[in-house]
Each structure stands twice: as C-alpha cells, then as structure tokens.
Amino acid sequence: MAHNLPEMQVRVCVVGCGISGAGAAAELVKAGHTDLVVVEAMGRAGGRVHTAKQGSSHIELGAHWIHGEDNNCVYEWAMQHCPHAIDKELDFTQTGIGQTTFVNPHGEEVPRDVTDSFQDMMVILDHGDMTDGYNNLAHYYQQQFSEHNKWGSVGWQLLDWHGRFQSLIDGSDSWHSVSAATREEYWECSGNLIINWNNPGYQTLVDHLLDTIGGERVLLNSPVSRIEWGGADGSNSRSCSRCYDSVQSLTSGVQSSLSIATNPAPDDVQRSREEKCAECGRSVEEASGSRKRSQCRVTLPDRVVVADHVIFSGSLGVLKATARHLFQPSLPDAKLRVIDNLGFDTVAKIYLEFSERWWPEDCNGFSFLSDLTTAPPDLIQSWEEQMLGFYTVRQQPLMLIAWICGPSALAMERTPLPEVIARCATVLQTRLAKLCSVTKPVWGTRSVWGSNPYTQGSYSFRSCASDHCDVWAADLAQPLPDIQHPVLCFCGEATHEHYYSTVHGAWESGKREAARLMHHWEHGTSGPAFQWTIG
Numbered sequence: 001m002a003h004n005l006p007e008m009q010v011r012v013c014v015v016g017c018g019i020s021g022a023g024a025a026a027e028l029v030k031a032g033h034t035d036l037v038v039v040e041a042m043g044r045a046g047g048r049v050h051t052a053k054q055g056s057s058h059i060e061l062g063a064h065w066i067h068g069e070d071n072n073c074v075y076e077w078a079m080q081h082c083p084h085a086i087d088k089e090l091d092f093t094q095t096g097i098g099q100t101t102f103v104n105p106h107g108e109e110v111p112r113d114v115t116d117s118f119q120d121m122m123v124i125l126d127h128g129d130m131t132d133g134y135n136n137l138a139h140y141y142q143q144q145f146s147e148h149n150k151w152g153s154v155g156w157q158l159l160d161w162h163g164r165f166q167s168l169i170d171g172s173d174s175w176h177s178v179s180a181a182t183r184e185e186y187w188e189c190s191g192n193l194i195i196n197w198n199n200p201g202y203q204t205l206v207d208h209l210l211d212t213i214g215g216e217r218v219l220l221n222s223p224v225s226r227i228e229w230g231g232a233d234g235s236n237s238r239s240c241s242r243c244y245d246s247v248q249s250l251t252s253g254v255q256s257s258l259s260i261a262t263n264p265a266p267d268d269v270q271r272s273r274e275e276k277c278a279e280c281g282r283s284v285e286e287a288s289g290s291r292k293r294s295q296c297r298v299t300l301p302d303r304v305v306v307a308d309h310v311i312f313s314g315s316l317g318v319l320k321a322t323a324r325h326l327f328q329p330s331l332p333d334a335k336l337r338v339i340d341n342l343g344f345d346t347v348a349k350i351y352l353e354f355s356e357r358w359w360p361e362d363c364n365g366f367s368f369l370s371d372l373t374t375a376p377p378d379l380i381q382s383w384e385e386q387m388l389g390f391y392t393v394r395q396q397p398l399m400l401i402a403w404i405c406g407p408s409a410l411a412m413e414r415t416p417l418p419e420v421i422a423r424c425a426t427v428l429q430t431r432l433a434k435l436c437s438v439t440k441p442v443w444g445t446r447s448v449w450g451s452n453p454y455t456q457g458s459y460s461f462r463s464c465a466s467d468h469c470d471v472w473a474a475d476l477a478q479p480l481p482d483i484q485h486p487v488l489c490f491c492g493e494a495t496h497e498h499y500y501s502t503v504h505g506a507w508e509s510g511k512r513e514a515a516r517l518m519h520h521w522e523h524g525t526s527g528p529a530f531q532w533t534i535g
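Letter 39 of the sequence shown, counting from 1, is numbered 39 in the UniProt record's numbering, and no numbers are missing.
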C-alpha cells in the first residue's frame, strides 16, 4: 500500500527521463534549482531516443536524425559542443529515397526515369494548397494525382507506396487519418533535414543531459502507479473535474461550467467562487484554495515522491492509455479531450545484418510496390507485405533496415524475433529473386515502441480528429490547475505547437516547462504571464 511506503521530499518531480523530461531537469539544475528528482519507468534514460551498439558502430532503434539546422536546439547544441559527432553531408541512406531501386509486384525494377519523374511530382504536391476542403492527407494527394498521373497503374502503385512512406514520416497508421487542413502547423527547420549522428549516435545527447542532471537525481526502473496533484492529506480527492474546470475558467476569464460570465463584475465573481458544485459540494473558492496549498504525491514501487510540482514527460501514447486512472483528481475533461484526439501511432524498424554485401554498391536499397489489382493483404497476419522496403544503413555496410507502420508494425512487434527475421528474409528472397542473389541474414533486431507499455507508440501528429474536436498541442502543454498555479506540468514532443514528433521539439518543450516553473517562482501568481518563444 502506498501509505506504507517511505516518502522522499523534493521541490520538483519529473516523470520520465526521455529527452523532454531530462531536458527540463537539466535546465533547472543549470539554473541552480537542484532539489529535484527524475523518475523513469525503464531501465535506461533517453525515452524514444535509443542508441544500441552493434559491431564497431551503432544503430538507432528510436529517433534517427537531426531534422534541420536553423532554430533547432539539438543541432545548435551539437555544433557548439561536439561538431565531430554529426555529419552535415546530405546522405539519403536509410530514408527510402535517393538511389533506391523500386521493385514492382512481379519482381522487376521500375525504370529510373519513371520513379524520378514521380518523385518530382510529389515534391510539387508537397508544396500545394492542402486547406481547400480535403478530408485528409490521402484525399489531397489522390485527387491531385488523378489529374496528373501519366504512368497508369504503375503511377498508382507508386502513390500507394508514397502513402505508406508519408505515414512513416507523420507517425500515423495511415495517411487517411492525417489532417491536410492544418498541415502548416508543423514547422520545418531550414537546412539539412536528415543530419546523421556519427558514433556513438543520439546517445551523445542523452549522456550530456544525464551529466548535467547528475546520476543521483535519476531513479531508473521506477514506474509510476499514481500521481496525486491535489492536497497531500487527500482533501482534494473529493473534488471533481467540474470544479477544476471551473477554477481554470474563472482564472482565465472564459465561460465556465458554473455559468460565470466572460467579463463578470466583481460581485458576480465572488458569488461564483462561493457557489457550491452540484457534484462534490465544494465551492470554486475551496477548490482553488486547496490547490494553491497542495503538494503532489508520485507513487513508485518503493517510495512516494512528495513534490511541490510535477512535470509529466511521458508520451502521448502513455497518456492515452493511463490518463483516466493515473491521476488523482481526474484530469479535466478538456485535457482528456486533447489527449484522446491528438494523433499517436506506431512506426517500427527492423534491422538485418548479412555476412556479405549482396546488393549493388550504388544501390541505397529497395522499395516494394504492391499489387493493387488483388485484395489487399491482411495487415495483421501478413504484416511483412506492408513493409516499405529495405534500405542501407549508415556506418553499417552489411546491414539493411526495413520500415513499417500502423497495425502491421504492432503485429510485427508481437511476432517472435526469429520469426520476424525469417519472414523478412523470405520477402527479400522472393521480391528480389530476379535482381540479386540474396543471402540469409546472420543477425537481426527490431524496435518495439508500440508494444512497450512505457511508450505505446512512436510520435505524435495532427489527426483529422484533432481538427474536428479543435484540440491542439498547445492545449496539451497547459499546466494544471491553471497557468497561474503550475502544479502539474506537461512536456514532450506532443506538447510542442510546431515541432511535434521531433527530438528538438521534445527538448524545447522540456526547456519550456523548466522556464515556466522558474518564472512562477520568481514572479508568483500576480506577476506577468509566462511566455515562451519557439526556437
């Protein structure tokens, strides 16, 4: 039972030691705020950054590239502190584009002039107007492509492949679920969008953050079972989500569930504060007052961390799975609506290593087109049919990587690894029989982000449901109970308005929440409103 566990008192408890959580803690420590602890469920730090050593180099099981240069905090840090750790040269290995051989369903190479001209058209469509009544990203591309397709059935096969490719970029099950109307919400950092890390990879950034925090402040293998962000004596447990929504509405001056006017008179405000909630019997004044005095309690397997503030940095996937039972009191309905409707699905990688290189030296890999004239394969039973292709791996000359997303990725993750390797080998031998003398792999591994209970997916995107429900990453980033009292804060790539799905977005969101708390400590509740400048 939690009440029998020893207590640990700190000013700030950061939940999750991925890039955002570690980034928040590092910012606080650098500013002299060392009374904190970072609790991490897994046995390693880094979150969805996971570099693994293989042979004389490394592979990235999680985040792969630095995406862009300008206003990118990861790139700027690397260039200042360890420029030797990154390779600025534009290198299309591992990407699915570049010197890639497209293979049709009959095992034949698609002519290079066809694939090059198709890619040129995709670049044009990528920069088209997607806001004019398109239901989703697939709708936009399919409608525009139908007006310009000059390759017949091969063109549609290429577009089908491009849809899977785009889903990998966005992190979605399908490009049918990705918003087209709000596509411009994502900002690209100009410059090279696929900057590779030299050995030892993205772990370079993880090590830097851990060194800044100090190992004594990080608790690994410490999954959180409960986060109480009300009174330490349990007094807030009688409050309901309606009360908490009302306090936030009263503070921000918007219409509340207790019928507070947008610009109420002082007497009206006081009456509203004293009005009792029909659900829990507490007034807004009582709920607000107990919040200001509250301490948080974060329950771990071996202790309870008592803190003035909690920064939650877990993934959106974890929030989707746990938000309704992890937090006490329950999160407000508005916050749950954001969590439910922002997009978050699974992208997976499969690495295969061979005893010798059997593919051409000038080939960056193979992209597999699907036969659209037959019934589509079962996404679960025949998950290997949904792989984008196999591509060369930088600094690993005898290795290929396959990319897969959505339900097929989850099915792959749940398949025993030896079977995954065998099924991938069969695909290679079958699809490339006319082009190469494929040998059997001697080693393989894969990512498991979708089935990992502490990530439950890969990275976030703006879904069609996000648009329909009018929810935004900035809503997820709003602290609770309100911006004047940041008791429970949220960071992570999914909370970044414009850099969601990226490592630099994750790191910047952690810096943002650290800055929010320091602003609160300096100015209190009556000071100027906290503001954050992106980049």
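Since the hints were made in silico from the structure, they are not lab data.
None of the values given here were measured: they were computed from a predicted structure.
Mixed in with the good hints, there may be bad ones.
Label pairs and their calculated CB-CB ranges [unchecked claim]: (1) P528 - D126: 39 to 47 angstroms; (2) P105 - A334: 35 to 43 angstroms; (3) C363 - E216: 48 to 56 angstroms.
Simulated pairs of lysine-lysine, DSBU-like, Cα-Cα distance not exceeding 35 angstroms [to be verified]: (4) K320 - K511; (5) K30 - K53; (6) K150 - K511; (7) K53 - K320; (8) K88 - K53; (9) K434 - K150; (10) K440 - K150; (11) K511 - K434; (12) K53 - K434; (13) K511 - K88; (14) K30 - K434; (15) K53 - K511; (16) K30 - K440.
Every residue, glycine too, gets a C-beta built ideally from N, C-alpha and C.
- Would you list, in rising numerical order, the hints stated earlier that this structure does not obey? 2, 6, 10, 11, 14 and 16
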